[in-house]
Amino acid sequence: MMSENEEKELLASGHRMCAGCGEGTAMRAILKEAGPNSIATVATGCLEVTTTAYPQTAWEIPLIHAAFENAASVASGIEAALKQMDKKGETNILSFAGDGGTFDIGFQALSGMFERKHNVTHICLDNEAYMNTGIQRCSSTPYGASTTTSPSGKESIGEDRPKKPIARIAGAHDIPYAATATIAYIDDLKKKVNKALKADGPAFLHVFAPCPTGWRHGSDDTIELARLAVETGVFVLWEAEDGEICDIKITKKPKERKPVKEYLKKQRRFAHLTEEHIEKIQKEVDEKCEQYGF
Amino acid sequence: MMSENEEKELLASGHRMCAGCGEGTAMRAILKEAGPNSIATVATGCLEVTTTAYPQTAWEIPLIHAAFENAASVASGIEAALKQMDKKGETNILSFAGDGGTFDIGFQALSGMFERKHNVTHICLDNEAYMNTGIQRCSSTPYGASTTTSPSGKESIGEDRPKKPIARIAGAHDIPYAATATIAYIDDLKKKVNKALKADGPAFLHVFAPCPTGWRHGSDDTIELARLAVETGVFVLWEAEDGEICDIKITKKPKERKPVKEYLKKQRRFAHLTEEHIEKIQKEVDEKCEQYGF
Amino acid sequence: MGEQKGLTIQGNMATALGAKLSRPDVIPAYPITPSTLFPEKISEYIADGELDASMIRVESEHSAMSACIGASASGARACTASASQGIALMHEMLFIAAGMRLPIVMAVGNRALSAPINIWADHQDSISSRDSGWLQFYAEKNQEGLDLMILAFRIAEDERVLLPAMVGIDGFVLTHTVEGVKAPAQEDVDDFLPPYEPPHGKLDPEEPMTFGSLGTPEYYQELKYDQTQAMENTPEIIDEIFDEFEERFGREYNRITPYKCEDADIILLTMGSMSGTARAAVDEMREEGEKVGLAKLTVFRPFPGDLLKEIAGDADGLAVVDRNISPGFGGAVFAESAGTFINENRSPLMKNFIVGLGGREIFKRNFKEMYEKTKEAVEAGEVKKPVEWINMDEDVMR
Amino acid sequence: MGEQKGLTIQGNMATALGAKLSRPDVIPAYPITPSTLFPEKISEYIADGELDASMIRVESEHSAMSACIGASASGARACTASASQGIALMHEMLFIAAGMRLPIVMAVGNRALSAPINIWADHQDSISSRDSGWLQFYAEKNQEGLDLMILAFRIAEDERVLLPAMVGIDGFVLTHTVEGVKAPAQEDVDDFLPPYEPPHGKLDPEEPMTFGSLGTPEYYQELKYDQTQAMENTPEIIDEIFDEFEERFGREYNRITPYKCEDADIILLTMGSMSGTARAAVDEMREEGEKVGLAKLTVFRPFPGDLLKEIAGDADGLAVVDRNISPGFGGAVFAESAGTFINENRSPLMKNFIVGLGGREIFKRNFKEMYEKTKEAVEAGEVKKPVEWINMDEDVMR
Amino acid sequence: MKGETRMYEVRFHGRGGQGAVTAAHTLSDAAFRESKDVQSFPMFGVERRGAPVAAFARIDEKEIDIKTQIYEPDMVIVLDMSLLDVVDVTDGLKEGGKIILNTAKAPSEFDFGDAEVYTVNATKIAVDNGLGTETNPIVNTAILGAYSRVAGNVKLKNIKKAIENNVPVKHDENKKAAEQAYESVVGV
Amino acid sequence: MKGETRMYEVRFHGRGGQGAVTAAHTLSDAAFRESKDVQSFPMFGVERRGAPVAAFARIDEKEIDIKTQIYEPDMVIVLDMSLLDVVDVTDGLKEGGKIILNTAKAPSEFDFGDAEVYTVNATKIAVDNGLGTETNPIVNTAILGAYSRVAGNVKLKNIKKAIENNVPVKHDENKKAAEQAYESVVGV
Amino acid sequence: MSKVKITIAGINKKAGSSKEYKTGGWRTMKPEVDVEKCIQCFKCFDYCPDGAVKKTEDAIEFDLDYCKGCGICERECPVKAIVMKVEEK
Amino acid sequence: MSKVKITIAGINKKAGSSKEYKTGGWRTMKPEVDVEKCIQCFKCFDYCPDGAVKKTEDAIEFDLDYCKGCGICERECPVKAIVMKVEEK
Ligand SMILES: Cc1ncc(C[n+]2csc(CCOP(=O)(O)OP(=O)(O)O)c2C)c(N)n1
Ligand SMILES: Cc1ncc(C[n+]2csc(CCOP(=O)(O)OP(=O)(O)O)c2C)c(N)n1
Ligand code: SF4
Ligand code: SF4
Ligand code: SF4
Ligand code: SF4
Ligand code: SF4
Ligand code: SF4
Ligand SMILES: [Mg+2]
Ligand SMILES: [Mg+2]
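Protein chains in written order, with my numbering: chain A, 76 to 369; chain W, 76 to 369; chain E, 68 to 465; chain V, 68 to 465; chain P, 5 to 192; chain Y, 5 to 192; chain S, 44 to 132; chain Z, 44 to 132.
In isolation and in its complexed conformation, chain A is listed as follows (with noise of 0.2 Å):
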């Protein structure tokens, strides 16, 4: 046995996320690559939830949780403390927040620190819902999906609007690092982490990190599926720098595209779809990637 790991586990084990959660890959991934100099927010989730049940934390570097929707808000604060005081600014200051608390309720405390130009990094742990309160709908949940609040039902397909492009919108605050990412490519996402942390200024990381309990797929299949999702073209990685969003850099791109099907197919959120459905989905990913030139 090596005498030591290369890097020190950032986010300890013992942590209660479900056996095969996204959000653990990305995180010790994540964590590794800011390593210890960091300080972190985390806004109300599961990642808050599983790593802070009092007496024990998982987490090896500061961090604070204050609330669901304000974890870059926090973060800002945080910032300017440390460059008021010590005036050096060596110090990672990190964000954390699901898809819940970055697209829709931490959303402006998000644009806010953008605005602001602080240098914080915010990472969106995209599941797709909201997963700490049981599989909820969010802006982030796909055309068709079925949740608790817009289940599948002899009136309802599952939800019935497309993901807010949540990544595009923040390149369009004009910060100087926007990216997408997610944890079937660790070294690609460490790289992003790693351009983030040292973007001058705020930078924004959309994680999608698969969830096997909200998306009801096999613990086993996640990485697959995070996998499948960029090869279909469901989620394009892609990065931008200074705004440019409409001359985005694509990071990841299969040579042959595969049908959505195949991922949907692995997932029960989706199982009531049908075929009309998933052509509709098809062809609206087809039109996505064109878009972006993928």
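By construction, these hints were calculated from the structure, which means they are not laboratory data.
Here are the simulated lysine-lysine pairs, DSS-like style, with alpha carbons at most 27 Å apart: (1) S:48 - V:452; (2) Z:62 - A:83; (3) A:327 - Z:123; (4) A:229 - W:163; (5) Y:98 - V:431; (6) Y:161 - V:249; (7) Z:97 - A:107; (8) A:158 - W:229; (9) P:98 - Z:46; (10) V:435 - Y:98; (11) S:98 - W:107; (12) Y:66 - V:431; (13) P:98 - P:159; (14) V:72 - Y:159; (15) V:72 - Y:174; (16) P:174 - A:340; (17) Y:174 - W:341; (18) S:98 - W:265; (19) A:265 - A:327; (20) W:363 - A:273; (21) Y:165 - V:249; (22) Z:97 - Z:56; (23) E:452 - V:376.
Between beta-carbon pairs, the in silico distance windows are: (24) Z:63 - P:89: 16 to 24 Å; (25) A:262 - P:89: 32 to 40 Å; (26) Z:126 - V:296: 52 to 60 Å.
Only a predicted model underlies this, so the values are computations on that prediction, with no experimental measurement involved. Beta carbons: idealized from backbone N, C-alpha and C, even for Gly.
Given chain A, work out where chains W, E, V, P, Y, S and Z with the ligands should sit, using these hints.
This is chains W, E, V, P, Y, S and Z with the ligands only, laid out in the frame that chain A set:
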């Protein structure tokens, strides 16, 4: 005297805006175009405070003011109620807010309304600061402007960050219609109001409306400054349908762009700027105009 | 009268069913533990075509209440559900809904407030909005949760009232607990609760009016008084509607329900689910010969001082049990009970017990302890420590 | 001791100056009438190089308090200013700041809450956050506003306290009113208020710790108790620090200041700027031979029941004057005064007067009226109407 | 206490997704059909899928007033034998209380002090009836059949009615599983 | 009341931007320099620029306790004569109270009942001293000179010190204007 | 303004009642139109923030009850048909 | 877990103390590695959500105190060096 004006004034005289207020001009035109079959929400701000002092009201259409940050959410509730109860949806639903109530404190409510695809037109009356409370800095405040919370001084050139590109961010939500307009071009403004209301879903209109009190210019300069903003490229008039913000349509293009100095020098909020500052601003305007294809 | 259907359901389903039977038009809601099952159930009803209503999946509770305001001002019957941080986040809008006299109904899954974050039963969330001008009802069990939702709409919309109302059910202890309930038939609820037609005005281009004006100092205090008066007038109306409900549906409600209070020397004043356990404790103590009674608050707003005086006026001691704490003072029910009795010639001695915060259990033995402590005070003729915390784990105190 | 400089300044400038003298590191703030001059002044100090601090021009009050939390947890001295809707919007975060034991100081320009919207003096905004775990100070005049800011930092940061604090000055009546004040010299304030070094922990990669954990039911109540205890222990510490301040700066502060109370039959209990007018009224009534006194609350949280008992325990009547209303009950000061006296053998009769909402004036004659009404009740030996609204314009009531 | 009957309290042990909560609810629903007063509830926690979970039911002839959780159950039901290593399933079990285990083994192979042990191969019954798979059997309905037999205070017929009401799919299979478990439970 | 002196209350009428509020503040600042207790405040309203505004000052030898607004001023000062048509400037003026008008006319040309009328051509003085323009004169410092003379309870020298303290620019010009007004006020 | 009785919730049913509040008193300068010059382009009408320009048969006229004297109409009139005059006192 | 004394404000100074909470008990399936097959690509290490894969001199090993048995490592091992087995009871 003509028996009756062609169109009824829907914002009655006797409101308490400052002499020469750009919001008055804007509102008269907007409400005329919307017509009496409209319901409006208004965020706290000059518009609300100057038009609703109990027991009078300047509004000839139904109006509700709830708070500063939620005009778009209140409008969401109205839209849902009307849809649910009469299911026809012929009534225009307008949501008004200042730049503060749109760019800053009301931004999440707005983003949520967009994402949920309510049939609501949100109109931002942008006077580039919190005027109702006495000219405080907003994320709409342009670089170099002196406000009471971004005062010029020994250690400060006034506001030190660029204006948040709100209409672009709104458009990035993939809403059916997003546009900018100003009171110097009433026909253009009205046409855009019309398009916004006709759009099938949420629409956003960013209306530039100079404020003699806050910008510290003559009360008779209001329209002239709105025009100069366009002619210098400080405020670009454009529209984008279906979120095509990478392919916007410029709706007003002067043959030759005037130097920004002409615009700046008429306003005492910029009085402290040196030639270098002005050059810097000119450069940034040039860059933005290039980006926007102006 | 249609038959009442027996069901075993969680508290949240009971309030959701109460809401469904009340035929809301618009339900803007945001998920939060422990009230989330409410919007989930409503979504399911709508998805399955069982309820014709518009659910707005808002991006925050602030917007949930804002959308309720917009919908209600448009003449729709609006309701929502929330808890804890959600209620705190909509705090500002609660006052505004009440000031605009909009009879919105909110199902609350009562839960503690952060920090530290805690998702369990506690009344701090709704108690800390007691100034907002909302009627407040607290249920002891799921049946009450269901009935009180229907009652809340009826009372809130009464044209003598026109105030919003909260119905609180304790987090987990009720929200997530299955109990047997009887659900009234839809036609009977329809009969009891006619469609909402705002008597004071609505947003309508046919007759334009302005809501939410700037209330200058010349008018503000009178407007506030007028609103407060509506709340003051409500007790009689609540009693009247509670009576009508009992006649129609056979279940009795009171603003405060006394239990074995008539000859009681000491009375426990409780609210929410703990009242059940307290009743069991009273029964046991009675068997042991203690003259103890229970007064259960169902309506906290308006505070039923009139009834409290009747019920507890002759007792020697009143143990006021608060599942909330205002640091630097004590519990809210205690403060208002004191306010009720302060000028009475005869008043029970009052002890205030802080219990059950953040889901801390409240056992029968805890009620016995409160009884004993109150009795001691009565016997000593003085209250040395007015506010005491019960069921503390001394071992973990630092 | 440096010389104290005489100045004529508005209340907001006084609190801003108090803040400046306290050398805050981070000031996240959002403008709202009537407190806006505070952030404006701070901005000016910074722009002019007079204050080395970071001002965060946040996008809302919710973020203002959130940023204060982040900054304070990082070891910075953080402060902000707000009022009315702003305080309501940050409601959720107030509890969190207190639960995390972060000694943030907020200057409040006390103002009414919507609806209807109203920008004038009223205590509803901070009163309705009385459960949040913040210390609350209320100033009668600008000098007090200035001094209380410095005192608030010192008390809040005391390691026996570690709680956030609000300093309330009434909207317009103080915020916008110029009065003469004496400003302590910077070096003396520096001496009185050393730099903040959090004794309990801070966000620092050198020693990583977690703030804001999930407080399970096994620990939540104890954590809450621990926090509440800090508040309970504060009165002595406040007294001690008030004394030290008086020694150093020559101005006396008390949690409650009695005026002509010793032999008074009836005492007016007031808070904020109205206390001045009340004192003038007391003087006039005294000249007419009425045995009336005034008790001015400077500290509302923790509620100074101990002092109130001392001051008013022998009086026959206590007129509790509330510039706030909890519809369905009455005023907050009344509730807690009642809670203070409820178990006393001897207690003054208590009348509750609701006054000055939304900027309604409170004249000397109004205090005389309150006195008369309380006297009547005392003479009758009973209080028929415990809660009365004063200075109502009957003509505009519908 | 008003009557002579005693309140009956049951605790179920399972893993997230195994349906312990549904089992408790279905049991309470069945008892409610016999005009008993009932409560059932999950463990009030934040546990994630995979973590051991517990669920509870309380049954009484008269109205149930108390609202506290269950600390001293009359019966414990273990849906997943792997939990025996992880959880102290007899924690708080009343003296002479009962335990039902989902296992093919005989009660005699277990020693839980003075507790009465019953076993039923609910996994096999479930799989035989097409309820889940060998690795993921849905045993919550079968186990209720065993409960009915062992506890004797809720009729099998009402368990079956409750299953119809509470279990979304495969009513017949689930009812059959309950029946088979009723028949085959060992230790009675 | 404690002493013999009476509180003195002043109301200024102007338009937004004319500096009525600064005038009231400067006056109170001057009085404060004489160890008097002072208050000054604007009208507590939401009025916009252009609308008529009022500002108030209260001066006393002893500590001022009362916190109500000023309803019965001892003196009214009108910065802009066009207001006479729009506002009832004598509203609440104490019996025998004083009025200072900014006009070239003589006091005798005005009739305000039993009020003592004083006039001063503050506009001309201001313009002569380079304080604003004919259409937009900054008269608030000049008028304070007149105040000092008419009221007699605040010394001109302290008015001048207060001007230095409260007026951001043109100290000399403003002080000179006050002096000239002090000299030229008519009606004394 | 004389005081009125309050309404429930402060709902204001008198749409457009701000007209009771005459803002003409705010004015220090007054616009005057030269009817002869006016080409009825109605720019003054469109731009006036206060709705104080009324269209007439052959030109425009001002509603001095509300005109605040901002001078926009003068500035924007393409033919200089409007001039601002100092208000008579 | 035994109870501890609370800290002021619930601040938790024991970074990484979640390790006290052994999540191995959640597992129903257990991963086993064939050290021979392992090519030390460490994909299992990277992907494991629970940090339950430890790198060793010549392969990897599992920390069964924490492994929840999700099966990701098995699925993602490019050489099928890992297999999930039913946990012994
Ligand atoms: C103001 C407020 N509203 C609602 C909640 C309840 N809540 C906590 S976490 C959460 C969902 C989190 O979703 P997301 O941000 O997507 O994170 P996830 O749990 O899915 O990782 C919700 C609704 C809360 N804590 N605070
Ligand atoms: C929650 C809250 N915060 C602050 C305020 C105070 N406030 C009212 S209006 C306003 C500024 C309005 O600015 P903007 O939206 O740009 O409109 P404008 O007045 O400039 O037209 C502010 C800060 C408020 N009413 N509510
Ligand atoms: S619910 Fe989903 S996101 Fe949350 S811990 Fe479980 S797997 Fe992870
Ligand atoms: S401050 Fe500006 S925006 Fe507000 S009323 Fe005056 S001119 Fe108009
Ligand atoms: S702008 Fe001039 S020309 Fe045009 S309508 Fe008005 S007055 Fe006539
Ligand atoms: S001066 Fe201004 S307010 Fe008057 S009519 Fe012209 S544009 Fe309108
Ligand atoms: S994934 Fe397979 S090959 Fe790679 S390190 Fe792990 S066990 Fe070895
Ligand atoms: S089974 Fe899952 S938890 Fe266990 S080592 Fe493999 S990846 Fe990690
Ligand atoms: Mg999520
Ligand atoms: Mg603005």
